[in-house]
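Using the sequences and the hints, build the whole thing.
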Amino acid sequence: MEDRWLSVDEIATYLGIKRDTVYKWLNNKRMPAHKVGRLWKFRKEEVDEWVTSGGAAEKPKDAKRP
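Mapped onto our numbering, the consecutive letters of the sequence shown carry residue numbers 128 to 193.
Don't read these hints as lab results, they were simulated from the structure. Where hints are given, some of them may not hold.
[To be verified] In silico DSSO-like pairs for lysine-lysine, Cα to Cα no more than 27 Å straight-line:
no. : residue 1 : residue 2
1   : K168      : K145
2   : K171      : K151
3   : K145      : K156
4   : K151      : K162
5   : K168      : K156
6   : K145      : K162
7   : K171      : K145
[As the list claims (entries may be wrong)] Derived Cβ-Cβ restraints for the label pairs, each shown as a range:
no. : residue 1 : residue 2 : range
8   : K145      : D175      : 14 to 22 Å
9   : G164      : A184      : 27 to 35 Å
10  : T179      : E137      : 18 to 26 Å
11  : N155      : D175      : 15 to 23 Å
12  : D130      : K162      : 15 to 23 Å
13  : I144      : L166      : 27 to 35 Å
14  : E176      : T140      : 12 to 20 Å
15  : K168      : G143      : 29 to 37 Å
16  : S180      : G143      : 12 to 20 Å
17  : L166      : D130      : 16 to 24 Å
18  : K171      : K151      : 28 to 36 Å
19  : A183      : S134      : 29 to 37 Å
20  : T148      : E176      : 12 to 20 Å
21  : E176      : S134      : 16 to 24 Å
Every residue, glycine too, gets a C-beta built ideally from N, C-alpha and C.
Printed below as a string of structure tokens:
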């Protein structure tokens with residue numbers, strides 16, 4: 128069983144999204160990630176749980192309502 132940390136590019140590919148979306152989710156939606164030096168690293172299981180619990184669908188915490 129492979130248990131390793133994924134990079135921004137790898138998690139974007141895994142989720143089928145653009146790398147810019149990963150950075151937006153990190154800033155606005157509190158996507159689960161860990162900073163290692165200057166790099167963001169991800170655990171696939173944490174991201175899976177966050178997505179299935181609706182984290183990717185939520186409005187940003189600081190979003191203003193019209």
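Hints, verified against the model:
1. K168 with K145: holds, 16 Å
2. K171 with K151: Judged against 27 Å, a Cα distance of about 18 Å means the pair holds.
3. K145 with K156: Given that 27 Å is the threshold and the Cα spacing comes to 15 Å, the pair holds.
4. K151 with K162: holds, 15 Å
5. K168 with K156: holds, 16 Å
6. K145 with K162: The given pair, whose Cα atoms are some 19 Å apart, holds under the 27 Å limit.
7. K171 with K145: holds, 16 Å
8. K145 with D175: 14 to 22 Å: With a Cβ separation near 19 Å, K145 and D175 satisfy 14 to 22 Å, so the hint holds.
9. G164 with A184: 27 to 35 Å: holds, 31 Å
10. T179 with E137: 18 to 26 Å: Since T179 and E137 have Cβ atoms about 19 Å apart, the given range 18 to 26 Å holds.
11. N155 with D175: 15 to 23 Å: Distance hint for N155, D175 holds at roughly 20 Å.
12. D130 with K162: 15 to 23 Å: This hint holds: roughly 19 Å between Cβ atoms.
13. I144 with L166: 27 to 35 Å: Given range 27 to 35 Å: violated, Cβ gap about 18 Å.
14. E176 with T140: 12 to 20 Å: holds, 19 Å
15. K168 with G143: 29 to 37 Å: Once the Cβ atoms are compared, 19 Å apart, the range 29 to 37 Å for G143 and K168 is violated.
16. S180 with G143: 12 to 20 Å: Once the Cβ atoms are compared, 18 Å apart, the range 12 to 20 Å for G143 and S180 holds.
17. L166 with D130: 16 to 24 Å: The hint (16 to 24 Å, Cβ to Cβ) holds, given that L166 and D130 are roughly 18 Å apart.
18. K171 with K151: 28 to 36 Å: violated, 19 Å
19. A183 with S134: 29 to 37 Å: violated, 18 Å
20. T148 with E176: 12 to 20 Å: holds, 18 Å
21. E176 with S134: 16 to 24 Å: holds, 19 Å
Violated hints, in rising order: 13, 15, 18 and 19; the structure is consistent with all others.
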